[in-house]
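Q: Work out the full structure: start from the sequences and follow the hints.
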Amino acid sequence: MKKRIFDWIVYDLVLKTFVIFIILSMIVGYFLYISPGKVDLTVPVRLETTEDIKHSKDSHFFAFYGRWLNNIMNGNLGRTISGKMVHIELNERIKVTSFLTLGALLLSFFISFLSGLYLIRKSKYRIVNILQGSIFVITALPTFFLAYISIALFSVKFNSAFSFILPIIILASGDGLISELSRIVSLGIKEEYNQPYIETAIAKGLKQSAFFPWPGTTLYHAFRQAVITILPRMGLRIPQIAGLSMVVEKIFSLEGLGDMLLDGLGTKDINCVLIVVTYFCLLIRFLNLSNGLLITTLNPKSRKY
Amino acid sequence: MNYKKHSTLTDNNDLDHSKRRKDQVLILFGLLFFWPLLLPIFVTISIIYYALIKNKKIKSILYHYKNSESYTSKIINFCIDFRYIFIFLPIKLVNISINNKIHTLFAGILLVSPLLVFSIMGILFPHSESIYNALLGPSPAHPLGTDGLGRDILYLLIKSSTNTYLISVIVTISSIIPGIYLGLKSMNKMYDNWIIFIIQIIESIPSLVWIIMMLTAYGYFQTSFDPEAFAHQLMDYLRPVLIGLLIGLCFMPNIFRLVRDKIKFFIEEEFVDMTRAHGIPLKRILWNHILLKNSLPDLMIIGGAIPGIAILSLINIDYFFCISTFQIGASRYSSWPQMILTSEAKNALIFFEHLWLVLPPCLLIIITTIGCYLFGTGLKIINNKNKKMGLIIKPDNQSKKILNVWGWL
Chain S
62 MKKRIFDWIV YDLVLKTFVI FIILSMIVGY FLYISPGKVD LTVPVRLETT EDIKHSKDSH
122 FFAFYGRWLN NIMNGNLGRT ISGKMVHIEL NERIKVTSFL TLGALLLSFF ISFLSGLYLI
182 RKSKYRIVNI LQGSIFVITA LPTFFLAYIS IALFSVKFNS AFSFILPIII LASGDGLISE
242 LSRIVSLGIK EEYNQPYIET AIAKGLKQSA FFPWPGTTLY HAFRQAVITI LPRMGLRIPQ
302 IAGLSMVVEK IFSLEGLGDM LLDGLGTKDI NCVLIVVTYF CLLIRFLNLS NGLLITTLNP
362 KSRKY
Chain D
106 MNYKKHSTLT DNNDLDHSKR RKDQVLILFG LLFFWPLLLP IFVTISIIYY ALIKNKKIKS
166 ILYHYKNSES YTSKIINFCI DFRYIFIFLP IKLVNISINN KIHTLFAGIL LVSPLLVFSI
226 MGILFPHSES IYNALLGPSP AHPLGTDGLG RDILYLLIKS STNTYLISVI VTISSIIPGI
286 YLGLKSMNKM YDNWIIFIIQ IIESIPSLVW IIMMLTAYGY FQTSFDPEAF AHQLMDYLRP
346 VLIGLLIGLC FMPNIFRLVR DKIKFFIEEE FVDMTRAHGI PLKRILWNHI LLKNSLPDLM
406 IIGGAIPGIA ILSLINIDYF FCISTFQIGA SRYSSWPQMI LTSEAKNALI FFEHLWLVLP
466 PCLLIIITTI GCYLFGTGLK IINNKNKKMG LIIKPDNQSK KILNVWGWL
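Top to bottom, those sequences are chains S and D. Whatever position you read off the first sequence (first residue = 1), add 61 for this note's numbering. Whatever position you read off the second sequence (first residue = 1), add 105 for this note's numbering.
Please keep in mind that the hints were generated in silico from the structure rather than gathered at the bench. Cβ atoms here follow ideal geometry from the backbone N, Cα and C, with glycine treated the same way. Treat the hints with care, since some could be wrong.
[Said to hold, decoys possible] Simulated DEER-style distance windows between Cβ atoms:
| no. | chain 1 | residue 1 | chain 2 | residue 2 | range |
| --- | --- | --- | --- | --- | --- |
| 1 | S | Phe171 | D | Gly384 | 51 to 57 angstroms |
| 2 | S | Ile210 | D | Arg381 | 53 to 59 angstroms |
| 3 | D | Ala239 | S | Ile149 | 45 to 51 angstroms |
| 4 | D | Ala336 | S | His148 | 39 to 45 angstroms |
| 5 | D | Thr328 | S | Leu130 | 26 to 32 angstroms |
| 6 | S | Ala124 | D | Leu468 | 52 to 58 angstroms |
| 7 | D | Leu464 | S | Ser351 | 38 to 44 angstroms |
| 8 | D | Leu343 | S | Ile181 | 44 to 50 angstroms |
| 9 | S | Phe215 | D | Leu468 | 20 to 26 angstroms |
| 10 | S | Ile142 | D | Ser329 | 18 to 24 angstroms |
| 11 | D | Ile428 | S | Thr261 | 55 to 61 angstroms |
| 12 | D | Leu229 | S | Phe215 | 41 to 47 angstroms |
| 13 | D | Asn298 | S | Phe123 | 22 to 28 angstroms |
| 14 | S | Ile142 | D | Leu464 | 38 to 44 angstroms |
[To be verified] For lysine-lysine, the following DSS-like pairs were computed, each having C-alpha atoms within a straight-line distance of at most 27 angstroms:
| no. | chain 1 | residue 1 | chain 2 | residue 2 |
| --- | --- | --- | --- | --- |
| 15 | S | Lys362 | D | Lys290 |
| 16 | D | Lys398 | D | Lys369 |
| 17 | S | Lys99 | S | Lys145 |
| 18 | D | Lys294 | S | Lys362 |
| 19 | D | Lys451 | S | Lys77 |
A: Here's what the structure looks like:
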């Protein structure tokens, strides 16, 4: 039986993310609640009425969790321990992290596609091969190391207007991300070149040497088939970029969610930690789902179950 | 009063002694459980074997002693028999890499070898007291310079390599074994949905966030004990093990998905139907025919790269705990990444001063990550040479296209 896309979206996008969000937040919150030390359970109360505070004192975790869920469904994000409203703090911090992660994701995918296409060729000159290897060496550096060196090199020239360019480039290139992705791309295309339909394409007189997959070349046909296997593998790297964005925020002193998470863990602020976790959960689920939709549009066979 | 002071001093010395002994005992205990730690011995002996015993002169001398009935000949004979048990695998790897001209594997072994050799040297290295010569440059007394606290950097490199190697070994074991097990279990539709659901929960948060949260909870539990209590010290020793397990758990979904996809792809092949018609049980088909014969090369690439990825992710974890104002999850173990994360090292990176603080650990990290990648690809090339034997079937393109989107979401 064919499953319709509408059902699939409703089941996966809404129901599954909701269940995962509930289980995740419960696990994380309960870990903080169990661990020794005082935990303030009066935090999610927004209106400072005496009844709410009385009700929330000395209550169990699950009672707190029920109130927290109810508040969030009504659009109440509560306060931090220091007394600030969370939705005001989130307003600017979410912009920073989401801009960083999405920008780095697009840039890393773009560069890895280009370098993967370049890696298919083999040149006669040994120097070119050594240069290719040196690119791998640069991308295998840890983000921390790259960021500090780049600050030393470029901090004088770039002002606050371009403050997002350097972090995005470093996030995209650090921790061996591009070297892995470009290897995936090149291997995927190399596998397609062994197929018989490429031989027929060559026999029909299509161009064999092309850097970019324009129509009218063998690379165009190989690339179209290879993308189906490449994209899901790339999708697995999305959480890695989202996690590393916190490191880059810290180094470039951008006020993002990494700060919020660390402060929340230090002061045992359950509300802050849970909200950061929900943000990451929703972001990664959304990106994975958009990746899945891309695969369905490219590959009609995956629509059947 | 004097007597009391004296007694406290002696007590402290005894504590240090006991700590050192505990270190040695714990590492020996770890050697028993984590057998891959023995690899460095294999590699060093294999290199010596190729350098010395393969020479024609030494070979002739050995031949002379082997046939005589002296005491030395007995020892040499014993050693020659002994090597087949313990040194067989690494020698064979080096042998294959040289004879078949697989340069990648040989280069991979060479690049990983400093980590392996240092990790054994760290156990045997004597404890040297810190001399307060802060930030001295490279000299004959200190060949790689000194730290901000006056410690020798070569000593620190060797001493801290055991922890990095232990973590990378734990990560490989804790990610590959459950990944393969769950991948095989997902053949059943009963388990499949539940396993994927659990793995989606693991994947829906970045691995850094998972690890930081778990380590802070661990730190809170540790602070509840007294710092002199045995439990507090034991939790210090177990911290690198826990970090390895957590990184392995976060990396496990990659291997699970690979195994699951391979099984879904190969189960529709004709040879599976043929083998089932012969009466071979499905478990054996999954293990022998699909996993070992057909999906091993792809597993080897990832399996070889895992230690490098583990070291890279260790830097980010350590960085978070170095920054944070609270010292709850702070890492109290020595490792290569921690050498870069000191305040003096950061200043060295920004102002380009005292570069001997940063360059040796950074170079070692880069070398090991690249070596791991090369090791994995080299192992794959050996496997690809078996294609001529007809062990591996060429994959069709048609069944590959039926990728289940269900699993990716």
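Q: All hints, please: hold or fail.
A: How the hints compare with the structure:
The given range of 51 to 57 angstroms is respected by Phe171 of chain S and Gly384 of chain D, whose C-beta atoms sit roughly 53 angstroms from each other. Range check, Ile210 of chain S to Arg381 of chain D: about 58 angstroms between beta-carbon atoms, so the 53 to 59 angstroms window is met. Our hint of 45 to 51 angstroms for Ala239 of chain D and Ile149 of chain S holds, since their Cβ atoms are close to 46 angstroms apart. For the pair Ala336 of chain D and His148 of chain S, the beta carbons lie near 42 angstroms from each other, so the given range of 39 to 45 angstroms is met.
A beta carbon spacing of about 30 angstroms between Thr328 of chain D and Leu130 of chain S agrees with the range 26 to 32 angstroms that was offered as a hint. Here the CB-CB span from Ala124 of chain S to Leu468 of chain D is close to 55 angstroms, well matched to the stated 52 to 58 angstroms. Distance hint for Leu464 of chain D and Ser351 of chain S: a CB-CB separation of about 42 angstroms, consistent with the stated range 38 to 44 angstroms. In this structure the hint that Leu343 of chain D and Ile181 of chain S lie 44 to 50 angstroms apart at CB holds, the actual value being about 47 angstroms.
Between Phe215 of chain S and Leu468 of chain D the beta carbon distance is about 23 angstroms. The supplied range of 20 to 26 angstroms therefore holds. Ile142 of chain S and Ser329 of chain D have their C-beta atoms about 21 angstroms apart, which keeps the hinted 18 to 24 angstroms range intact. Roughly 58 angstroms separates the CB atoms of Ile428 of chain D and Thr261 of chain S, a value that falls within the hinted 55 to 61 angstroms. The given range of 41 to 47 angstroms is respected by Leu229 of chain D and Phe215 of chain S, whose C-beta atoms sit roughly 45 angstroms from each other.
Our hint of 22 to 28 angstroms for Asn298 of chain D and Phe123 of chain S holds, since their Cβ atoms are close to 27 angstroms apart. The beta-carbon spacing between Ile142 of chain S and Leu464 of chain D, approximately 42 angstroms, falls within the hinted interval of 38 to 44 angstroms. Annotation: proposed proximity of Lys362 of chain S to Lys290 of chain D holds, straight-line Cα distance about 25 angstroms (limit 27 angstroms). For the hint pairing Lys398 of chain D with Lys369 of chain D, the CA-to-CA distance comes to about 15 angstroms; that is within 27 angstroms, so the pair holds.
Between Lys99 of chain S and Lys145 of chain S, the direct Cα distance comes to roughly 20 angstroms. Compliance with the 27 angstroms bound is thereby established for this hinted pair. Restraint check: the Cα-Cα separation between Lys294 of chain D and Lys362 of chain S comes to about 21 angstroms, which is no more than 27 angstroms; the hinted pair holds. The straight-line distance between the Cα atoms of Lys451 of chain D and Lys77 of chain S is roughly 44 angstroms, outside the 27 angstroms bound, and the hint therefore fails.
In summary, the one numbered hint that this structure violates is 19.
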